[in-house]
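Chemist: Residues per chain, in single letters:
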Amino acid sequence: MLDTVLVILLTALLAIGALLTAMTSRLLRAAIMLAVTSAVLTAIMFRLNAPLAAVFELSVCAGLVPAIFISAIGLTRRLDPEGLKARFKDRIKRYWFLPVILVAVAAGLSQIHFVTDFIVSAPDSAGETVQTVFWNTRPLDLLGQVAALLAAAFAVVVLLKETTND
Amino acid sequence: MLPLFVLVPLALLMIVNLPVGQFLRRWSWGLTLLLTIAQAAALICFAPHLKAGGFLATLIPLTLELDNLSCVMLLAIAIVVGASLLVARGTVSGMKQLSNFASLVLIAMAGMNALALLRDLFSLWLFFEVVGVASFVLIAFRRDRGALEGAFTYIILSGVATVLMLGGLAILMLVGRGESSPLTFANVQAALQISGGLTAARLGIGMFLCGLLIKGGLVPFHGWLPGAYSAANAPASVLLAGIVTKATGVYGLMRVVSSVIPPTPGVNAVVLFAGAAAVVIGALGALYQSEMKRLFAYSSISQVGYILLGLGCGGPLGMLGATLHLFNHAIFKSLLFVNAAAVEQRVGTTDMTRLGGLGSKMPWTNVTSLIATLSTAGVPPLSGFWSKLIIVVALWQGAHYGYAVVAILFSLVTLGYLLLMQRKVFFGEMPAELANTREASPSVVISAVVLAGITFGMGVLFPLLLKTFLLPVKSIFPLQ
Amino acid sequence: MTEAVLLFTVFGIGVILTAIVGFYCLLTTKSLIRALIAVEILAKAVTLLIVLCGYLTGRMALAQTLAITLIIIEVAIVVVAISVVLALFKQDGDADATTMRTLKG
Numbered sequence: 001m002l003d004t005v006l007v008i009l010l011t012a013l014l015a016i017g018a019l020l021t022a023m024t025s026r027l028l029r030a031a032i033m034l035a036v037t038s039a040v041l042t043a044i045m046f047r048l049n050a051p052l053a054a055v056f057e058l059s060v061c062a063g064l065v066p067a068i069f070i071s072a073i074g075l076t077r078r079l080d081p082e083g084l085k086a087r088f089k090d091r092i093k094r095y096w097f098l099p100v101i102l103v104a105v106a107a108g109l110s111q112i113h114f115v116t117d118f119i120v121s122a123p124d125s126a127g128e129t130v131q132t133v134f135w136n137t138r139p140l141d142l143l144g145q146v147a148a149l150l151a152a153a154f155a156v157v158v159l160l161k162e163t164t165n166d
Numbered sequence: 167m168l169p170l171f172v173l174v175p176l177a178l179l180m181i182v183n184l185p186v187g188q189f190l191r192r193w194s195w196g197l198t199l200l201l202t203i204a205q206a207a208a209l210i211c212f213a214p215h216l217k218a219g220g221f222l223a224t225l226i227p228l229t230l231e232l233d234n235l236s237c238v239m240l241l242a243i244a245i246v247v248g249a250s251l252l253v254a255r256g257t258v259s260g261m262k263q264l265s266n267f268a269s270l271v272l273i274a275m276a277g278m279n280a281l282a283l284l285r286d287l288f289s290l291w292l293f294f295e296v297v298g299v300a301s302f303v304l305i306a307f308r309r310d311r312g313a314l315e316g317a318f319t320y321i322i323l324s325g326v327a328t329v330l331m332l333g334g335l336a337i338l339m340l341v342g343r344g345e346s347s348p349l350t351f352a353n354v355q356a357a358l359q360i361s362g363g364l365t366a367a368r369l370g371i372g373m374f375l376c377g378l379l380i381k382g383g384l385v386p387f388h389g390w391l392p393g394a395y396s397a398a399n400a401p402a403s404v405l406l407a408g409i410v411t412k413a414t415g416v417y418g419l420m421r422v423v424s425s426v427i428p429p430t431p432g433v434n435a436v437v438l439f440a441g442a443a444a445v446v447i448g449a450l451g452a453l454y455q456s457e458m459k460r461l462f463a464y465s466s467i468s469q470v471g472y473i474l475l476g477l478g479c480g481g482p483l484g485m486l487g488a489t490l491h492l493f494n495h496a497i498f499k500s501l502l503f504v505n506a507a508a509v510e511q512r513v514g515t516t517d518m519t520r521l522g523g524l525g526s527k528m529p530w531t532n533v534t535s536l537i538a539t540l541s542t543a544g545v546p547p548l549s550g551f552w553s554k555l556i557i558v559v560a561l562w563q564g565a566h567y568g569y570a571v572v573a574i575l576f577s578l579v580t581l582g583y584l585l586l587m588q589r590k591v592f593f594g595e596m597p598a599e600l601a602n603t604r605e606a607s608p609s610v611v612i613s614a615v616v617l618a619g620i621t622f623g624m625g626v627l628f629p630l631l632l633k634t635f636l637l638p639v640k641s642i643f644p645l646q
Numbered sequence: 647m648t649e650a651v652l653l654f655t656v657f658g659i660g661v662i663l664t665a666i667v668g669f670y671c672l673l674t675t676k677s678l679i680r681a682l683i684a685v686e687i688l689a690k691a692v693t694l695l696i697v698l699c700g701y702l703t704g705r706m707a708l709a710q711t712l713a714i715t716l717i718i719i720e721v722a723i724v725v726v727a728i729s730v731v732l733a734l735f736k737q738d739g740d741a742d743a744t745t746m747r748t749l750k751g
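Protein chains in written order, with my numbering: chain A, 1 to 166; chain B, 167 to 646; chain C, 647 to 751.
Hints in this document: simulated from the structure, not taken from any laboratory.
Every residue, glycine too, gets a C-beta built ideally from N, C-alpha and C.
Don't take every hint at face value.
To be verified - Here are the simulated DSS-like pairs of lysine-lysine, each with C-alpha atoms no more than 25 Å apart in a straight line: (1) 89(A) / 736(C); (2) 161(A) / 262(B); (3) 527(B) / 590(B); (4) 262(B) / 676(C); (5) 736(C) / 676(C); (6) 161(A) / 736(C); (7) 676(C) / 89(A); (8) 93(A) / 736(C).
What the hints assert, rightly or not - If you want the footprint, here are the derived chain A segments under chain C, 3+ residues with CB under 8 Å: (9) 58-71; (10) 93-101.
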């Protein structure tokens with residue numbers, strides 16, 4: 001019973017976090033709410049026995065990514081209070097029915113009786129750990145991650161470095 | 167042997183960017199070009215001897231496999247990347263910029279090589295992403311407004327596609343439960359054969375395909391493609407149009423349709439319809455373009471439609487036609503973009519309303535562009551004729567008469583709009599301000615001549631190639 | 647109701663709701679950075695879906711590797727996208743006012 005409450009609570013928090021991220025009129029707050037959403041997701045991952053992925057989610061998605069966002073947001077134009085008020089009204093106009101949609105969809109989905117026959121809670125495959133999967137069966141993925149990160153490093157060099165004539 | 171195709175480009179990337187002064191970076195362009203030549207040579211000379219396993223594979227257990235489709239793809243990758251590098255030599259200024267360009271090309275090349283060799287749906291997505299990240303930067307390379315906006319649009323759409331692909335994969339994982347590695351092509355196919363009727367299975371594979379189509383810029387999600395192509399700088403557009411969209415979208419789709427989705431008449435009918443739609447939409451869109459690169463981008467959409475038509479036939483002959491057209495299309499479309507780059511280099515614009523009469527000033531560009539045009543339209547004896555012929559024959563054999571007629575008819579439309587382009591750019595009256603135009607720089611001309619030579623040579627020597635090199639392609643499909 | 651069915655139902659609804667928010671935000675926004683944040687919200691939904699499906703099939707190790715790979719790629723994409731936004735900012739003087747003209751057209 002306690003577990004059921006916890007699961008439902010976490011899901012609600014996740015949805016609300018995403019909603020607030022989308023709806024706040026200030027980008028800075030949106031970035032912070034994104035971090036909070038990630039933190040909720042981390043908790044959900046712990047509940048689903050995924051501690052390693054959860055650690056990554058917490059350090060990278062709740063830490064690094066919002067930090068990158070905030071560094072970029074620092075360069076945006078600051079709105080005066082008048083402008084902020086106008087923007088807030090504009091956002092309310094565009095977003096007011098999103099919570100309504102969400103509640104309606106959630107209510108609708110919880111009423112549908114899903115076909116869950118094909119779900120049997122299977123025992124965890126014996127002897128399989130993240131390390132063995134990464135190094136023994138999916139080393140190609142590690143290579144892909146390295147390549148993508150290298151490409152991202154080049155993005156910074158190519159796009160942000162001042163061009164010098166040599 | 168096979169891991170080398172992925173590891174060598176990445177190793178070279180590391181080496182040329184070692185922080186030991188500018189010495190190594192000076193060589194990065196040359197070394198990258200050398201690598202593409204080596205890859206092409208290795209495939210032409212040793213293709214039958216390349217195989218999975220061997221000493222290296224036990225040392226580095228990457229799960230790679232090679233078949234004829236992979237071979238064709240790897241060869242096309244080597245040729246087009248080489249051509250793009252040659253164009254970069256003539257159009258990218260500054261040693262540092264050229265070195266950065268070569269490094270990004272190396273990442274894209276490693277990613278595309280991996281795509282051609284891997285046999286796992288999740289890795290497929292991952293290397294889509296690797297090639298994608300490299301191409302975002304390549305599009306934005308010029309750093310003007312259009313290029314940056316094009317890159318950002320691509321990033322956002324690619325993000326949506328990622329969500330669709332991975333959501334689909336997660337659902338497929340749920341369906342293919344109990345397998346030891348539930349995401350390899352073979353295992354997903356087995357799972358789909360058992361429980362393909364489940365709504366969940368259909369949803370999963372459908373979402374994955376939607377994401378794949380968005381990332382590859384295929385019909386009906388082709389909206390972003392012409393914009394991104396024309397915004398990128400010349401060598402990047404050669405690379406993107408010539409090979410990146412082929413190695414990701416078209417090749418990915420061919421793989422998924424031929425070795426993941428269980429072959430059923432329903433799937434083939436959908437592929438055929440999508441192919442015919444792409445042929446028509448692309449050709450009609452191309453009729454209304456006044457900018458060279460945009461016109462070629464629409465033409466690409468149309469040519470990809472032919473590949474889908476071949477694929478949708480479902481037999482070995484159709485598969486042969488599709489594979490061959492994939493290769494030919496990569497070559498002659500790159501050639502067209504190289505020609506656009508030549509015009510852009512000397513005139514500064516590719517807007518056809520401001521061009522004219524360049525034929526006498528740029529003879530090499532003129533002739534090679536004519537060869538590419540005729541090959542795209544399927545005029546004998548150029549390479550495009552043979553692949554289109556095989557596709558039409560396959561359609562006819564499969565009793566898809568309507569689609570065969572569409573294929574032939576829109577070949578004529580292709581000829582029409584490309585000859586119109588040829589007339590506007592290279593013939594006709596020359597505007598006064600273009601009187602001082604010169605032929606493009608040597609490296610661009612070399613690139614165009616090599617590609618034109620391949621198009622011409624493939625066409626003339628086709629009967630010979632068919633027996634030795636191409637017929638084995640059929641082995642991808644079991645002979646019925 | 648077994649535990650698996652409960653988790654499937656509740657977290658499944660969570661995934662769908664988060665995805666709806668992400669798509670809605672992406673479609674209505676004009677700001678580049680917020681579009682990127684919307685893609686991040688979508689990525690959250692799909693990460694949860696992968697972990698959930700891994701849990702339900704008893705393949706947590708596999709699901710965790712996939713989730714970690716996804717997170718790494720997310721970072722690479724965000725870095726590239728923010729670089730593009732900053733490069734645009736250098737031209738305009740404001741990183742937020744840039745609207746996505748190309749996505750509409």
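Chemist: Quick one: which hint numbers does this structure break? Sort them smallest to largest.
Modeler: Checked against the structure, the hints that fail are numbers 1, 4, 8, while the rest are satisfied.
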